[in-house]
Amino acid sequence: EPEVTQTPSHQVTQMGQEVILRCVPISNHLYFYWYRQILGQKVEFLVSFYNNEISEKSEIFDDQFSVERPDGSNFTLKIRSTKLEDSAMYFCASSVSLTGRGTQYFGPGTRLLVL
Amino acid sequence: DAKTTQPPSMDCAEGRAANLPCNHSTISGNEYVYWYRQIHSQGPQYIIHGLKNNETNEMASLIITEDRKSSTLILPHATLRDTAVYYCIVRVFQETSGSRLTFGEGTQLTVNP
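So the sequences go chain by chain: A and B. To get my numbering, take the position in the first sequence, counting from 1, and add 336. To get my numbering, take the position in the second sequence, counting from 1, and add 1.
The set of hints was computed from the structure by calculation and includes no laboratory data. Check before you lean on any hint, since a few could be wrong.
What the hints assert, rightly or not - Restricting the straight-line Cα-Cα distance to at most 25 Å, the calculated cross-link-like pairs of lysine-lysine (DSS-like) are: (1) A:K393 x B:K4; (2) B:K70 x A:K378; (3) A:K393 x A:K419; (4) B:K70 x B:K53; (5) A:K414 x A:K378; (6) A:K419 x A:K378; (7) B:K4 x B:K70; (8) A:K378 x B:K4; (9) A:K414 x A:K393.
Chain B on its own, in the form it takes in the complex:
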């Protein structure tokens, strides 16, 4: 799986958009970009994933650059409950292998009142 690079920490004001970047310059064509978050030692929570196109769900938007070498997770209106460690994970798309998620250090997002 491709390696990812994320800033170790970010701050955001409550109610503002939080934009979390991720660099995955070695991503290959069959690898998906996944985002999870972990709130204080709770189980990792799935947020969103994508392959090429931008994606949006009720939690967030995922913007993937055209060359797929980086992506941005957008929380449109951050709340205090969004304070968490956010993980960008790249997973290979294969039927019989590549099942593991490899967590890095992630980005500690702190939403301030």
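Just chain A, same shape as in the assembly:
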């Protein structure tokens, strides 16, 4: 069964460093998402991406975040200058369509720890 994959599974970085989290969405999917979950808190939407541009972003997704689909398979989330409060699980998801019928399938997540 096709699945979303994410690398790395764990990432430790120093405050102020740049990190890139990578995702390989399900191959025939057209819409891509990033969510995050701070330890003990809810899963929060960050951004959605379609046709090589952001289609929606949350208030969390500020200028230090960016997303890219550098080739036909990868979808990346870059955090330019990490802060302590960026420590969280980051989940990538993908769906065939944007609508309510476009079920989002999630990857296993990347655990980011900022020291």
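With chain A's structure known, arrange chain B on it following the hints.
Chain B alone, transformed into the frame defined by chain A:
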């Protein structure tokens, strides 16, 4: 998107049916009801979704009341591996917006041996 209300926790005996309720009294006609679960900080796992009619798949059944103001997720024969946080999410059906999933607190289901 409509707000949902779920009990914070439920227990179920292994092998018995687990019935997880969700209230979405402000749901509008173009909003779907989705259920996901999250097993201990893993990625949320899609379970089932529906609009008006009851739905069944290999994982679960979804019963939506006629007025659509509430729904119940049924795991027919719960196992220990079904212990997870279950999220009921209502999503608007629009082509150009409403893509985000808004997760609430969910219901912590504990399946006991």
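Open item on the list: Hint by hint, where does the structure go against what was stated? Just the numbers, ascending.
Closed with: Violated: none.
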